[in-house]
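J.: Single-letter residue listing:
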Amino acid sequence: MKIQFVFCIFVFAAVSATAIGEGSVLRDTGDSIVKFFEWFGNLGMFCGRLVRSALTPPYEVREFVHQIDELGSKSLPLVALAGSATGVVLALSIRDSLIRFGAKSFLPALIVFSIVKESGPIITALVVSGRAAAGIGSELGAMRVTEQIDAMEASGVNPYRFLVATRVFACMLVLPLLTLVSDFCGIVMGWVANAAAEPISLQLFIHDGFKNVTFSDFLPPTLKTVVFGLLIGVVASFQGMHATGGTEGVERAATSSVVLASLFIILADVLLVHLILVFFR
Amino acid sequence: MPSIETRKNADKETPLVCVASLTKSFGQQTVLKEINLEVSRGQTLSVLGQSGTGKSILLKLIIGLHKPDSGSISIFGREITNLPLRELNEVRKKVGFLFQQAALYDSLTVEENVAFPLRRHSRMPDDQRAKRVQELLANVGMDQDAHKMPSEVSGGMQKRVGLARALALDPEILLFDEPTAGLDPITAAEIDDLIVRLQKERHMASIVVTHDIHGARVVSDRLALMRDGQILVEGTFEDLQGSRDPFVMQFLSNS
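These protein sequences, in sequence, are chains A and B.
So the first sequence is numbered by the numbering used here: it starts at 1 and just counts up by one.
So the second sequence is numbered by the numbering used here: it starts at 1 and just counts up by one.
It should be emphasised that the hints constitute simulated quantities derived from the structure, not laboratory data.
Please note: incorrect hints may appear among the correct ones.
[As the list claims (entries may be wrong)] Result set (EDC-like, lysine to aspartate or glutamate): computed pairs, CA atoms no more than 20 Å apart in a straight line: (1) B/Lys94 <-> B/Glu79; (2) B/Lys60 <-> B/Glu90; (3) B/Lys67 <-> B/Glu34; (4) B/Lys131 <-> B/Glu112; (5) A/Lys117 <-> A/Asp208; (6) B/Lys94 <-> A/Asp150; (7) B/Lys60 <-> A/Asp150; (8) B/Lys93 <-> A/Asp150; (9) A/Lys117 <-> A/Asp217; (10) B/Lys33 <-> B/Glu234; (11) B/Lys67 <-> A/Asp150; (12) B/Lys131 <-> B/Asp145.
Please construct the entire structure, taking both the sequences and the accompanying hints into account.
T.: Now the structure itself:
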């Protein structure tokens, strides 16, 4: 566990520094390390400001609902497609292996377990990270470089409350819901792919698949996507709000939002899987 | 908020904006050094200078978008440099700001842009708000384009919409950051006339940051010329014309 943790930190430091250093690729190690810690310091202050703004009224319910629509409903087709593809791929690849070992009857259970416990949440988070993080990063980045955020502040509106908090909370809410959609599509398409090779009723597939699934197999992995949503929202908003330098700055904000959000999700998943195993096994 | 009639009869001597010994640096570069200026109700001060002399930063300091390194900024007699955000936002509601590129929210229509501050800070019913937005847009000659997106109107029209938005909360102070930059001479003159008309009608304290000496002469009572982050000379246009300072003479002759 300790070794894994230290490894994570090293990978994290190296890759983040590369991303933050905008292509310097550790040419100057000292500068990269300073930038790395500076970035985390600024992120910490950003989070502090976000929490203060989010907890004090007025609450931006209307904008929050708008963001749920923007991030949730518009990501839905993509997530459903990614979930379906995952189900098909799992069914095809696992089926072949199980036939070799004479364990074909375990196929529904394996598909359901792997989708519900890991594939569904992580695939959903990465897909949403690609779409929503780029969207948030570029939108806020463009607003920053064209002084729209300054205009908002100058008119007495707190952009952390209006723009950032609404996006972060919307990401946290929609991620588990989208994961359920992804899980559903994956399982159904897993059955379709399986039935295409060897006819099996949906009822039997579901019965076999969910026979040994318990509360702790389903709920914690689904709810861990709240953390993924938090990471996507915070990282993308932070990169967008700190964009500088015109069109190039917007492009950098969008790209770094996706790269960093995806990286954070994968690393957070390592820790969350460990925590889930410790507390829910 | 005081009515416009009340404003006209209000004390004209007490400055609404008072900046004293203001200094601001970014890294090693000092962009503003020991700036002092005052603007009272009904007055318009134009701040002139070359690009990069810190004029826009001065406006952003006055509205609290940046914190000064030292010095004081007093708005309506209230020191704002260390004001908590909530109280600063209350002050900001009484100050309108027209940004250099208008800074319209590009995901909102023209009328939604103007309605934005009203929606945030007033409890007007929808029909009253719509009426007020129409009035504001008509005032700047943009009522026919209310449903267009900012990208569908010209630069001059964007400035007009920005001005309507800045006036939405009936501010007592109006800050203009290069109101005519990037506009053709005819549109620039229209914007200048609009500023003069609004100033007469609303009796605000205004600060116009510009490098356009002709526009500044039309819209303002006093002018301040900046060089290297400092105010080199301040007075009427005639005062500037009478200056023997080589930079002032060069600035006026080249404009």
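J.: Taking the hints in turn, state whether each one holds.
T.: So, going through the hints one by one against the coordinates:
With a C-alpha separation of about 15 Å, the suggested pairing of lysine 94 of chain B with glutamate 79 of chain B holds against the 20 Å cut-off. Straight-line distance between C-alpha atoms of lysine 60 of chain B and glutamate 90 of chain B comes to about 16 Å, which keeps the hinted pair within the 20 Å bound. Between lysine 67 of chain B and glutamate 34 of chain B the alpha-carbon distance is near 14 Å, which keeps this suggested pair within the 20 Å criterion. With a C-alpha separation of about 12 Å, the suggested pair lysine 131 of chain B and glutamate 112 of chain B falls inside the 20 Å cut-off, and the hint holds.
Restraint check: the Cα-Cα separation between lysine 117 of chain A and aspartate 208 of chain A comes to about 16 Å, which is no more than 20 Å; the hinted pair holds. A C-alpha spacing of about 16 Å is found between lysine 94 of chain B and aspartate 150 of chain A, which places the hinted pair at or below 20 Å, so the restraint holds. A C-alpha spacing of about 9 Å is found between lysine 60 of chain B and aspartate 150 of chain A, which places the hinted pair at or below 20 Å, so the restraint holds. Proximity of lysine 93 of chain B to aspartate 150 of chain A is assessed by CA-CA distance (about 14 Å); at most 20 Å being required, the pair is judged to hold.
With a C-alpha separation of about 6 Å, the suggested pair lysine 117 of chain A and aspartate 217 of chain A falls inside the 20 Å cut-off, and the hint holds. For a cut-off of 20 Å, the pair hint linking lysine 33 of chain B to glutamate 234 of chain B stands: about 15 Å separates their Cα positions. For the hint pairing lysine 67 of chain B with aspartate 150 of chain A, the CA-to-CA distance comes to about 14 Å; that is within 20 Å, so the pair holds. Between lysine 131 of chain B and aspartate 145 of chain B the alpha-carbon distance is near 15 Å, which keeps this suggested pair within the 20 Å criterion.
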